[in-house]
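Listed below, chain by chain, are the residues.
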Amino acid sequence: MNALPPRGLTAPKAGPRRRYAGSRSIGRRSRALKTRHLMDRIWRVLVGVVGVIVLSAAIGLVIGGIGFGGLFFTALACVLIAALLLRYPRLRVPTREQLAQGSIRDVVGQTELWLEARRTDLPPPASRLVDQIGIQLDGLSLQLDRAGDQEPAMAEIRKLVGEYLPGIVSSYTAIPAHLRAEAAAGGVSPDQSLAESLERISGEIEGVTRQLATGSIDDLAIKARYLDYRYGAALAEGDSTDERP
Amino acid sequence: MGTTTDPAAAVPPRPAPLNLTPPDPVPHVEPRQAVGLVPVSSEAEGKLQAKVDAFVADLVAQDVGSPEFGKRVDQLTAMGRKEIAAAAGLSNRFLDRPVRAMRQDEGVGANLAALRSAVEELDPGRAGALAPGRKLLGFIPFGNHLKRYFQSYQSAQAHIQSILTHLASGKDELLLDNAAIDVERQKLWAAMGDLEQMIHISRAMDAKLEQVAAELDATDPAKARAIRESALFYTRQRTQDLMTQMAVSVQGYLALDLVKKNNVELVKGVDRASTTTVAALRTAVTVAEAMTNQRLVLEQVTALNTTTAGLIDSTGKLLRSQTEQIHADAASSTIPMETLQRAFQNIYDTMDAVDGFKLQALGAMRQTVDTLAAELDKSRGYIARAEGAEATGGGGDAPSPLDLR
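Sequence order for the protein chains is A and B.
Under the working numbering, think of the first position of the first sequence as 1, with each following residue one higher.
Under the working numbering, think of the first position of the second sequence as 1, with each following residue one higher.
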């Protein structure tokens, strides 16, 4: 029991954050999800307030004026319903099971939400890696928007982002906090394992993004070369095509 | 109408004969021949050797029975995995292009055949334009034969134009194909460079392990045996795999070049066919004016001329000088019909050259595809084995100190 991290003692406070999304975003996708959620709530508040006013007006018509007291209650109801609808429903962080389902394009944003919620539970090197992964996931999602669903890499990406990444983090958080820094068999502590695995996943996301981008890169190169042939001097040089090897 | 007495001057200049050389089929490349084609810089060589030395020193330092030793051996079995996968990923598409090229020939070929039949309709020899005018009852001249002959141009021009447009777009496809081949070859070249480096590593590893095992024979025979039986064995297997993949890559690289050269020749043929056709039409315009004193209006000829001349500057120039000559000749010639016939002969010559080329090129292409298909099959067997070893060997994902990057 050496090197007990002081953070481990305070870890349980992270509990409630696990179910609802916080305000800090590690990527654009999760921020977009939150913004959309906020807009939804504002819309609901508007509908609720207008509904209360219309209702009180209707009552006023039926009973012939609601009076000053009625006006007061209407205002009170407006404030109450606005406060309630602004706070609930809160944006829930998806569960791991939900991450494993859903469409591949949604998974990226959902995983970002999920990671954000766990970020505070992770040791500093790992949480830095999570930030980095957030940025990489943004890049990946840009590529995914353009790629077709039939792309062979899709299944691989969904596994990587929807299963392996949350899997490694939740395996880590399942370890009691005071044991996380302790070296297990093989001389590697869970902290180190987590950092290594996140590093590898980060590298893989980068690789997949690169691979998906090669299509566009090649396409551009082919078009440039074609213009070279069509309007440039490439055809003349084509007679003496390079003889290597 | 001028009167030149020398009939030889009336013959239009023959463009230089069209030589379309079908590329030779790609020979079978032995794994041994394939290695060394992509140069490895001496600087890189030094780095690779240092990597190998460090790896072997590390391996020898481990206890033979320890999991660490096993881990190092696993890294040897996974050596070059990424490089092979990258090259194999490219080589899976090797056959697409030659096979498609064989089919694409048909597209251009069909258009050329259509052009030929359209042109034959107008051939002055066949249309009987040179025959003396028809005579009613054998002696009363009846109808203007020449006039009717030249009128047939007007009805044919739209058809010819559409064929030429098809040919032009077929040519664009060939060029696009070549652009894609260029990009693919660049990537393949890079993949082959990586393979070459891995082969260099695995060979250096072979030599180094052999040397270390010989040294250990005296001091630690058990370790020497373990190194020979596991590390050296897997290293040799990987060398073989890498070399097989290299041979296929080289073969594919050459096959892509073959398709590319084939396309270039075909483009030349298409260009020449278009130019000679336009030249013949222009000649017809001039000859008609000279012989019937009537203006044969082929609106399309001008349009055709600009499009065709724009394709390739050199042929455009050729066409321009040629037609100027024709114009002068036809105007001054006593036998303008012969000029026209020569212009048609130019078209036929071009098409015969293209046909002959295609026949030979198709043979070369078939042969190349056959060789390549056989090699691909062979290498797939190796790759399947390598992947099987990986699945059972585990540790395949461990970052190896032998990685190039």
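Hint data in this document are derived by calculation from the structure and do not stem from the laboratory.
Please read these numbers as outputs of a predicted model, since none were measured by experiment.
Please note that the accuracy of each hint is not assured.
Simulated pairs of lysine-lysine, PhoX-like, Cα-Cα distance not exceeding 25 Å [said to hold, decoys possible]:
#	chain 1	residue 1	chain 2	residue 2
1	B	K51	B	K208
2	B	K82	A	K159
3	B	K187	A	K223
4	B	K82	B	K187
5	B	K47	B	K71
6	B	K223	B	K208
7	A	K223	B	K208
8	B	K208	B	K71
9	B	K187	B	K71
Derived Cβ-Cβ restraints for the label pairs, each shown as a range [unchecked claim]:
#	chain 1	residue 1	chain 2	residue 2	range
10	A	W43	B	G107	27 to 33 Å
11	B	S41	A	Q132	19 to 25 Å
12	A	L227	B	A190	21 to 27 Å
13	B	R380	A	P176	46 to 52 Å
14	A	T35	B	D377	51 to 57 Å
15	B	A190	A	Q132	23 to 29 Å
16	A	Q211	B	T21	49 to 55 Å
17	B	V99	A	L142	32 to 38 Å
18	A	R105	B	N92	42 to 48 Å
19	A	G232	B	G107	48 to 54 Å
20	A	R36	B	A44	48 to 54 Å
Every residue gets a Cβ at the ideal spot worked out from N, C-alpha and C, and that includes glycine.
Here is how each hint holds up against the structure:
no.	hint	result
1	B:K51 / B:K208	holds, 11 Å
2	B:K82 / A:K159	holds, 20 Å
3	B:K187 / A:K223	holds, 16 Å
4	B:K82 / B:K187	holds, 15 Å
5	B:K47 / B:K71	holds, 23 Å
6	B:K223 / B:K208	holds, 15 Å
7	A:K223 / B:K208	violated, 47 Å
8	B:K208 / B:K71	holds, 19 Å
9	B:K187 / B:K71	violated, 32 Å
10	A:W43 / B:G107: 27 to 33 Å	violated, 57 Å
11	B:S41 / A:Q132: 19 to 25 Å	violated, 33 Å
12	A:L227 / B:A190: 21 to 27 Å	holds, 23 Å
13	B:R380 / A:P176: 46 to 52 Å	holds, 49 Å
14	A:T35 / B:D377: 51 to 57 Å	holds, 54 Å
15	B:A190 / A:Q132: 23 to 29 Å	holds, 27 Å
16	A:Q211 / B:T21: 49 to 55 Å	violated, 39 Å
17	B:V99 / A:L142: 32 to 38 Å	holds, 35 Å
18	A:R105 / B:N92: 42 to 48 Å	violated, 27 Å
19	A:G232 / B:G107: 48 to 54 Å	violated, 25 Å
20	A:R36 / B:A44: 48 to 54 Å	holds, 51 Å
Consistency note: the structure conflicts with the earlier hints numbered 7, 9, 10, 11, 16, 18, 19.
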